[in-house]
Each structure stands twice: as structure tokens, then as C-alpha cells.
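Chains as they are written, first to last, in our numbering: chain A, 1 to 468; chain B, 469 to 543.
Calculated directly from the structure, the hints in this document are not laboratory data.
Please read these numbers as outputs of a predicted model, since none were measured by experiment.
Each residue gets a CB set at the ideal place from its N, CA and C atoms; glycine is no exception.
Watch out, some of these pointers could steer you wrong.
To be verified - Going by beta-carbon spacing under 7 Å, a handful of chain B positions derived as facing chain A: (1) Val478; (2) Glu481; (3) Leu483; (4) Val511; (5) Tyr513; (6) Ala520; (7) Gly522; (8) Leu525; (9) Lys526.
Stated by the list, open to error - Calculated pairs, DSBU-like style, for lysine-lysine (alpha carbon to alpha carbon, straight line, at most 35 Å): (10) Lys149/A <-> Lys536/B; (11) Lys149/A <-> Lys526/B; (12) Lys149/A <-> Lys529/B; (13) Lys472/B <-> Lys137/A.
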Amino acid sequence: MEQGKIELGEAIPQAGPDLPGPFPVGRYARRLQEEMRKRARVQLIGEVTGVGRSKVQAYFELRDSQGAVPCAIWLNDLEKAGLPEGALRDGAELVIAGGPDYYPGGGQASPSFSFRATHVRLAGEGDLLARLEALRKQMRAEGLFELQKQLARPLLPQAIGVVTAESGAARRDLLAGLRRRGWGGTVVWAFAPVQDRHAAPAIAAAIQGLAARPEVEAIVVTRGGGSLADLWAFCDETLCRTVAMLRVPVISAVGHERDSTLLDDVAAVACSTPTHAAEAAVPLDCDLARRDLERVASSLRRAAEGAIGARARHLAALARGPARALQRERGALNQKTREIRAASERGLGERNEFQRRIATVVLARARRRGIERTAAATAKERRRGSAIERAAAQALERRREALARAVVTLRAHDPERTLERGYALAETPAGKPVTSADAAVAAAAVRLRFADGRVNAKIEGDVEREAR
Amino acid sequence: MSEKPDSYEVAVERLEEIIDRLDSGQAGLRETLDLCAEGRELVTYCAAELEAVGEGLKELKLDELAAKLDVSAEP
Numbered sequence: 001m002e003q004g005k006i007e008l009g010e011a012i013p014q015a016g017p018d019l020p021g022p023f024p025v026g027r028y029a030r031r032l033q034e035e036m037r038k039r040a041r042v043q044l045i046g047e048v049t050g051v052g053r054s055k056v057q058a059y060f061e062l063r064d065s066q067g068a069v070p071c072a073i074w075l076n077d078l079e080k081a082g083l084p085e086g087a088l089r090d091g092a093e094l095v096i097a098g099g100p101d102y103y104p105g106g107g108q109a110s111p112s113f114s115f116r117a118t119h120v121r122l123a124g125e126g127d128l129l130a131r132l133e134a135l136r137k138q139m140r141a142e143g144l145f146e147l148q149k150q151l152a153r154p155l156l157p158q159a160i161g162v163v164t165a166e167s168g169a170a171r172r173d174l175l176a177g178l179r180r181r182g183w184g185g186t187v188v189w190a191f192a193p194v195q196d197r198h199a200a201p202a203i204a205a206a207i208q209g210l211a212a213r214p215e216v217e218a219i220v221v222t223r224g225g226g227s228l229a230d231l232w233a234f235c236d237e238t239l240c241r242t243v244a245m246l247r248v249p250v251i252s253a254v255g256h257e258r259d260s261t262l263l264d265d266v267a268a269v270a271c272s273t274p275t276h277a278a279e280a281a282v283p284l285d286c287d288l289a290r291r292d293l294e295r296v297a298s299s300l301r302r303a304a305e306g307a308i309g310a311r312a313r314h315l316a317a318l319a320r321g322p323a324r325a326l327q328r329e330r331g332a333l334n335q336k337t338r339e340i341r342a343a344s345e346r347g348l349g350e351r352n353e354f355q356r357r358i359a360t361v362v363l364a365r366a367r368r369r370g371i372e373r374t375a376a377a378t379a380k381e382r383r384r385g386s387a388i389e390r391a392a393a394q395a396l397e398r399r400r401e402a403l404a405r406a407v408v409t410l411r412a413h414d415p416e417r418t419l420e421r422g423y424a425l426a427e428t429p430a431g432k433p434v435t436s437a438d439a440a441v442a443a444a445a446v447r448l449r450f451a452d453g454r455v456n457a458k459i460e461g462d463v464e465r466e467a468r
Numbered sequence: 469m470s471e472k473p474d475s476y477e478v479a480v481e482r483l484e485e486i487i488d489r490l491d492s493g494q495a496g497l498r499e500t501l502d503l504c505a506e507g508r509e510l511v512t513y514c515a516a517e518l519e520a521v522g523e524g525l526k527e528l529k530l531d532e533l534a535a536k537l538d539v540s541a542e543p
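Could you build all of it, start to finish, from the sequences and the hints given here?
Here is the structure:
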């Protein structure tokens, strides 16, 4: 900063010492007004807020989530627009046509910028749908429609939050739907306006308040049907971006079946009615679940008892098995015994018959062989007998001859034959032969045996020895 | 499962697995008894959860809930 160049009343020289000017501000203000009025005339659409009137004009702000423009319309232009009574109100969706303007003010009056509207009308369905579609496209591209849908929704929440109007059919219908499911948990209400210009921020605040409570497991946002303009709060970009980023599932049930809001797009579930929202918030039909649970409990009990019972029966059967098997084997054995006996008897008969036949044959053969052998033996014996006989005869003959010779010999030695020839035999009285003279002398008496008889004789004298 | 299930749906999902396994007839005695014991715990848990939402619907306003919690949070 160069202190020497600063002069009282000058603009800040350091900001742009080379720029043109300085100009009188009033002149500049008028030039600004001229420049503004040269800008292209356009149509704007947005929500009306801060409506006010002076003697000659009405003024308001037209805004959406991206920004706002101060607007003004001469009352005569407003009258020409022919809006319904009270249509220019906070929260109304308007389409205005005009261009930027600048009021330079004056000695007492303050300058101001405004969009000077020359035409105004209420936004129609088409206008809103076009805006909605643009928002939808943008948010879909940002992936904001998927975030809530990826959240897990509890099957059986203990507490749910509900954002709705304090007085309205939606509240009643939702409660009825919850009761029909047999659900008796806690409903945490967060009442909010659902139609005016404060609706969207109030709804967003209510949802955020509920989401901050850890016991709240799901949030239902609901209101009854209406025109798209009536439901426009639920197409609010800020509200929908808020919902998209929540970690608690939000269930949207706004309007009727044909209505589709931006909230429906970002919510975890979009329902056509509060009743459907009740079913989405509590997916479990509690009455049905209680009955199912009883069945499951019975099923488990049966399974446990059945598993034990079946195995116990199996074990018992196994325990009986050996006896039964023994009995079975015994039966089988008896049967086999009977069969064997029968077969044996049958076989014995057959064998007997067979053996009989065999025996017959064998015997016949044996007999034949016996006969043959006998015959042969007989012939042999006969032959042998003949030989024996012959031998015997010969032996007999030989023995006869020998005998004859012996007889002859014997007869030759027979003392009787000697006696017959006149000799006598001296014997002791006892009959023993006396073969010597000495024996005769010793005996003193002898018996003389002749061929015709015996006589006693006395020995006298001694032995007279014969000379040799 | 001796631990408490994370949620009713986790419990129900496990119960369905148990019933399927038991119905298959492939589980042995020990496994069957273990599954039945686990199933009974899950049934008890589920019954308690259902019981908790079976005593009539309760209504509370968000600000009342906040006030109640604030009071209970005071030392």
C-alpha cells in the first residue's frame, strides 16, 4: 500500500487502479438497470415464499433447492393473469415469465434487484412432472435411489417411526394395518405438515429426528392422496437427499397408487397406501408367525422324540436280534433237518433200491463167480482129490506092502513062532522072561512056556557053563 | 447356538435350516439332539420377540420419547 496515493473520497485504489472511473453511482445504477432489462426474457418455475404486497405490486421469492430469485409483479399484470383467489401464497408452485430488473433507488428509496414478472400462472402437472423428471434423472445418476434399498429391513421391528399429519386418514389406516398383522410394538409419531411450503423441511426434520433414535427400526412417511402439486413437498430435493443418506429404512406411502413422488424413488420401499406401508414396516404377520412358531416347536419336539424313539426301537430290535436270529437259525436248522431226513429217507430208499439192485447184480456176479470158482475149485479139488487118492492108494499100497513085510518080519521074530518050532521060553512066575542061566538059578523057580502051554519048573544045581 | 440371535429374521432363517436338516433325515442322533436344542432356544427367542409385540400397540410422540430418554439419561 502506497500511503501517498490515498485520497479522501476515492475508491479503493489498490482494487483496480487501472479500471475506468470512478463514476457517479446513480449513473452507474441506471446503466445497470438498462443492462438488466436487456437480458433475455425467460420463464422460471419454483415454489413461492415470502409473499408480500405494496400498493402497486406484489413481491415474493421463487425458489427451489438450488437457489432463489426475488420476484415482483405489477398488480395489474397479476390481475391479468387471472389466478384463482389466494393462489399466490407461500408454497404455491408458480411459473412466471419476465426478466431481470434493477431498481436504482433514489435519495430515500433503497435500490433492489428483482425478476420482473409480467406473466404468472400456477405450475401445471406437466411443469411439475418435467421438474420431477429432471430431479429424478439427476439423483438416479448419483446413485441415490439405491442406497435405501440396500438396507436390511427388520422382519419384526419392536418400534417404528411414522411421519404424517397429526390429523388424517393415513394415520388411522396405518394403525389399522399394523393391528391387522397382530403387531403390538411401539409407534413413535413425528407429526409434520404434509402440504404447505414448510412441509418439506418439517418432514425432513421429523425423519431425521426419528432416525436419530436407536430404538426406531424403520420409518414410515405417509399422507393421503392429492394432486402432484399437493404432494410436491415429497418431491423436495433436499428432503429426498436426506432420506437417501439415512441408515434407517424409510417406507414411503404418499398419495394414491397412481401418484409417484421423488420420495418413492429414494425410499427403501414405496407403498401405494398406508395399509401397505404397515405391511412393509412389519413384514411379519405376527399372528401367523405365532401359529408357525407353535408348529415349529412341535416339529422340533417330534424330531427329538422321534430321533430317540426310532433309535430306541432300533436298538430294541437289535437287542432282540440275536434271540430272533437264533430262533430263525433254529427254525432253518429244523427245516433243514426235516429236509435232510426226508431226503435221507428218500435217498435211503433210493440207495436201498440202488444197493438192492447193485447187490442183486453183485450177488449175481458173485454167485456166478462163486459158481465158477467153485466149479474151478471143485475141478481142482477133484483133480487134487484124484491125485491124493492116487497118492493115498499108492501110500496105502506101500504101507500094506510094508505092513506085509513087517508082518513077515514080525512073524519071523515072534517067540510064539519059535515056540511053535519046539522051543520053550523061561519066565519068572511074574511073567518076566528069564534070559540067562544065572537068572534062572537066581529065580530058583521058573515057568516054562511052550507053544501049547506053561509048566512050572524048579531049578536045581548050578549053572553048567558051556565051553566056548 | 448358545448365543442370542442378532434378529428375528436371523433366528427364523436358522430355524428353517434346522427344520430342513431334520426333515432330510440325514442327521445322526447327536446332531439331531443338538439341532433340536438349538431350535428350542431359537423358538424361545422368537416367542419372546413376538411376545414383546403382542401386548397391544403403544403410541408415543417423538418429542415425548426424546424427553423420556433425556430424563432417564440424567444422573
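Tested hints:
no.: 1; hint: Val478; verdict: violated, 9 Å
no.: 2; hint: Glu481; verdict: violated, 9 Å
no.: 3; hint: Leu483; verdict: holds, 6 Å
no.: 4; hint: Val511; verdict: holds, 5 Å
no.: 5; hint: Tyr513; verdict: violated, 10 Å
no.: 6; hint: Ala520; verdict: holds, 6 Å
no.: 7; hint: Gly522; verdict: holds, 5 Å
no.: 8; hint: Leu525; verdict: holds, 5 Å
no.: 9; hint: Lys526; verdict: holds, 5 Å
no.: 10; hint: Lys149/A <-> Lys536/B; verdict: holds, 32 Å
no.: 11; hint: Lys149/A <-> Lys526/B; verdict: holds, 28 Å
no.: 12; hint: Lys149/A <-> Lys529/B; verdict: holds, 27 Å
no.: 13; hint: Lys472/B <-> Lys137/A; verdict: violated, 44 Å
When the structure is compared with the earlier hints, violations turn up for hints 1, 2, 5, 13 and for no others.
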